[in-house]
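Asks: Chain by chain, the residues run as shown.
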Amino acid sequence: MDIKPVSFKRVSREESASFDRSTIDYIQNAAAHGLYEIRGMGAKRKLPHFDDLLFLAGSLSRYPLEGYREKCVTKTILGTRFAKKPIELDIPITIAGMSFGALSANVKESLGRAATAMGTTTTTGDGGMTPEERNSSKTLVYQCLPSRYGFNPDDVRRADAIEVVIGQGAKPGGGGMLLGQKVNPRVAKMRTLPQGVDQRSACRHPDWTGPDDLAIKIQELRELTDWEKPIYVKVGATRTFNDVKLAVHAGADVVVVDGMQGGTAATQTCYIEHIGIPTLAAVRQAVDALEDLNMKGQVQLIVSGGIRSGADVAKALAMGADAVAIGQGILYALGCNSETYIQDGKHISALEGYDALGTQPGFCHHCHTGKCPVGVTTQDSVLEQRLQPDVGARRVKNYLKTLNMELTTIARACGKQNVHHLEREDLVALTLEAAAMARIPLAGTSWIPGHNGY
Amino acid sequence: MERMTFDLASSSLTEMNTFLHKGLEEGDKRHISVLNPDGAHNIAVGLNHPVTVEVHGHAGYYAGGMNKHARVVIHGSAGTGVAENMMSGSVHVKGFASNGAGATAHGGLLVIDGDAGLRCGISLKGADIVVGGSVGSFSGFMAQAGRMVICGDAGDALGDSLYEAVIYLRGNVKSLGADAQFEDMTDADYAVLAELLSKAGMDHDPKSFKRIASARTLYHWNADANQEY
Chain A
1 MDIKPVSFKR
11 VSREESASFD
21 RSTIDYIQNA
31 AAHGLYEIRG
41 MGAKRKLPHF
51 DDLLFLAGSL
61 SRYPLEGYRE
71 KCVTKTILGT
81 RFAKKPIELD
91 IPITIAGMSF
101 GALSANVKES
111 LGRAATAMGT
121 TTTTGDGGMT
131 PEERNSSKTL
141 VYQCLPSRYG
151 FNPDDVRRAD
161 AIEVVIGQGA
171 KPGGGGMLLG
181 QKVNPRVAKM
191 RTLPQGVDQR
201 SACRHPDWTG
211 PDDLAIKIQE
221 LRELTDWEKP
231 IYVKVGATRT
241 FNDVKLAVHA
251 GADVVVVDGM
261 QGGTAATQTC
271 YIEHIGIPTL
281 AAVRQAVDAL
291 EDLNMKGQVQ
301 LIVSGGIRSG
311 ADVAKALAMG
321 ADAVAIGQGI
331 LYALGCNSET
341 YIQDGKHISA
351 LEGYDALGTQ
361 PGFCHHCHTG
371 KCPVGVTTQD
381 SVLEQRLQPD
391 VGARRVKNYL
401 KTLNMELTTI
411 ARACGKQNVH
421 HLEREDLVAL
431 TLEAAAMARI
441 PLAGTSWIPG
451 HNGY
Chain B
1 MERMTFDLAS
11 SSLTEMNTFL
21 HKGLEEGDKR
31 HISVLNPDGA
41 HNIAVGLNHP
51 VTVEVHGHAG
61 YYAGGMNKHA
71 RVVIHGSAGT
81 GVAENMMSGS
91 VHVKGFASNG
101 AGATAHGGLL
111 VIDGDAGLRC
121 GISLKGADIV
131 VGGSVGSFSG
141 FMAQAGRMVI
151 CGDAGDALGD
161 SLYEAVIYLR
171 GNVKSLGADA
181 QFEDMTDADY
191 AVLAELLSKA
201 GMDHDPKSFK
211 RIASARTLYH
221 WNADANQEY
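Taken in sequence, the protein lines are chains A and B.
This note's numbering numbers the first residue of the first sequence as 1 and each following residue consecutively.
This note's numbering numbers the first residue of the second sequence as 1 and each following residue consecutively.
The following block holds chain A by itself, in its conformation from the complex (with noise of 0.2 Å):
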């Protein structure tokens, strides 16, 4: 008789949970080249965030307000703490720092096109201030980085607010990179590197350290601005409950919070999916932080880490945020992934750039190989040319326009006459873990984990 061997055709394919495809790969890459993994974007684990909010909209307990013509203010005040001259902005909705280095030129300049048509602030990033940002930006915030690339005391004069940067969602506790690849002449001369080399921006401040350090450094910067404008202090979310006192305690008009789905151009992997909590949860803590202190209202928050949609700025302002500060969704408004770049108005195909990069439209996060396909993260004086500034001036225009609308639609809908007056009542919780980080009712229930003794 023939004797066949068992075969169990289901199992023989079974996937391990703990040793996944990723995973096998992950460990034989390492085992390959002894060095760990960098790339850009942020965290790509599904984490709780905003999605797992809802909004209860007027019904016949709350009025509506019709969903197009009855008025509804977005504008918003930055820095009314201290700054003789706040940043006012038509939107709640701002651009948040990316590096001269990281983006191009033509970048920058869609962006401070954009923002200044929209009524918002871009932002600078490590490796100082362009004169294509400064000139295209109405209302420019300068970044203070632990690296000082670029830093001098005349663009300070020039910005309209500074952010001393502490920390960054996508790598709190660590400071950024810019592969060699991307350190062009026009960037060494700004960071005073030699060209072509890895830069390593420090992870720490080089002139103070600590929260009282900060104080006084936050006063030089008014000092040196005549107490004009405003100062911003940006931290990576991790206790975010304590960074945010001891920023307002050290003088902050306005703080920043980015959660760990915050981008970055170049990071290690490790950094950016296993450091830092979730935007969700940071935002409570920030706003906790701010109540008590009873600086709700004077000193501003910032939240940035994911932002994407209208109705992700709308939960963010219902949880108690004063406006936020979008990055990687500028980015792929601008083109970032997308299958085609546009030139003189007609699409070329960019799938060969992404194949040159071992991947594809939907999951390229090459920004730190600088060889991006679309021109966006780029300093390749061919491949930057991709990302024609007109173009991405107006793409980044109707995006930041269509959240505005998909707020204003929201916050109408919840009876509001202003963004700023929606409200954490507004909102349930569709998972356990979203309303005990937000601290937000699961839908249907009056129950938030971990509140009133449950």
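If you are wondering where the hints come from, they were derived from the structure by calculation, not from laboratory data.
Hints are supplied without guarantee of correctness; some may be wrong.
What the hints assert, rightly or not - Pair ranges (Cβ atoms, derived):
{"id": "1", "chain 1": "B", "residue 1": "Met185", "chain 2": "A", "residue 2": "Ile24", "range": "52 to 60 Å"}
{"id": "2", "chain 1": "A", "residue 1": "Gln360", "chain 2": "B", "residue 2": "Gly152", "range": "56 to 64 Å"}
{"id": "3", "chain 1": "B", "residue 1": "Ala188", "chain 2": "A", "residue 2": "Arg204", "range": "29 to 37 Å"}
{"id": "4", "chain 1": "A", "residue 1": "Ser381", "chain 2": "B", "residue 2": "Glu2", "range": "48 to 56 Å"}
{"id": "5", "chain 1": "B", "residue 1": "Arg30", "chain 2": "A", "residue 2": "Lys85", "range": "52 to 60 Å"}
{"id": "6", "chain 1": "B", "residue 1": "Arg216", "chain 2": "A", "residue 2": "Lys85", "range": "40 to 48 Å"}
{"id": "7", "chain 1": "B", "residue 1": "His56", "chain 2": "A", "residue 2": "Thr209", "range": "22 to 30 Å"}
{"id": "8", "chain 1": "A", "residue 1": "Lys85", "chain 2": "B", "residue 2": "Ser33", "range": "27 to 35 Å"}
Here a beta-carbon is modelled for each residue, glycine too, at the ideal position from N, C-alpha and C.
Dock chain B against chain A, hints included.
Replies: Relative to the frame of chain A, chain B by itself:
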């Protein structure tokens, strides 16, 4: 030359700083004395004119911070971050300086007659620093460009993760930082040293100094480098 005095015992720091920013004409070269500084922070930050500011006493944090064009003399000691991010001009501390002296300075000359604390010249971006005494640990950390002259000794991890800045040390060093190495002095080094020592008013023989610069092994992420730091 026009002279004026600010007495910080009777007028506010902000009043003085605002005057120094907005009350001066382009190219103003007047001489300003600051009395009773009493360790105040942020004295004469953000200067943008070729004035001379003499501080008669001790200064707190960030004295002469982000200076452009001006000459600042502190007849006393200075706190953390003296002349931080200076662009041009000079800052001269007659006493001692605390941590982070000359941090990230892009240009100009910082002279400290006495000792400097930790992280002197950290992230230096092109300025020159001359320290008459010794410097604390982690001095010259990640210094990118510019020159540091240390007439005394240095603490641990001198020049850690150096880029293109060069350090000249007369005394002893407790330890060099990652990627920092001693190099031979050349005639160009002796000439630079002689010039800097003379500008700082210090009388040492350039031949008594050693040169420390980057071995440049950390310039690129290298799979074979075994992450030495």
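Asks: Given the hint of 40 to 48 Å, check if Arg216 (chain B) and Lys85 (chain A) actually sit that far apart at their C-beta atoms.
Replies: holds (45 Å)
Asks: Just tell me: holds or violated, for the beta carbon distance of Arg30 (chain B) and Lys85 (chain A) against 52 to 60 Å?
Replies: violated (28 Å)
Asks: Between Met185 (chain B) and Ile24 (chain A), does the C-beta distance stay in 52 to 60 Å?
Replies: holds (54 Å)
Asks: Quick check on a hinted range of 48 to 56 Å for Ser381 (chain A) and Glu2 (chain B), using CB atoms only.
Replies: Holds: the Cβ-Cβ distance is about 51 Å, inside 48 to 56 Å.
Asks: Taking the Cβ atom of Gln360 (chain A) and the Cβ atom of Gly152 (chain B), is their distance within the range 56 to 64 Å?
Replies: Since the Cβ atoms of Gln360 (chain A) and Gly152 (chain B) sit about 60 Å apart, the hinted range of 56 to 64 Å holds.
Asks: Starting from the range 29 to 37 Å, see whether the pair Ala188 (chain B) and Arg204 (chain A) falls in it by beta-carbon distance.
Replies: Hint holds: Cβ distance 34 Å, inside 29 to 37 Å.
Asks: Take the C-beta atom of His56 (chain B) and the C-beta atom of Thr209 (chain A), compute their distance, and say whether it sits inside 22 to 30 Å.
Replies: About 29 Å separates the Cβ atoms of His56 (chain B) and Thr209 (chain A), which means 22 to 30 Å holds.
Asks: Quick check on a hinted range of 27 to 35 Å for Lys85 (chain A) and Ser33 (chain B), using CB atoms only.
Replies: About 32 Å separates the Cβ atoms of Lys85 (chain A) and Ser33 (chain B), which means 27 to 35 Å holds.
The structure is inconsistent with hint 5 alone, although it conforms to all the rest.
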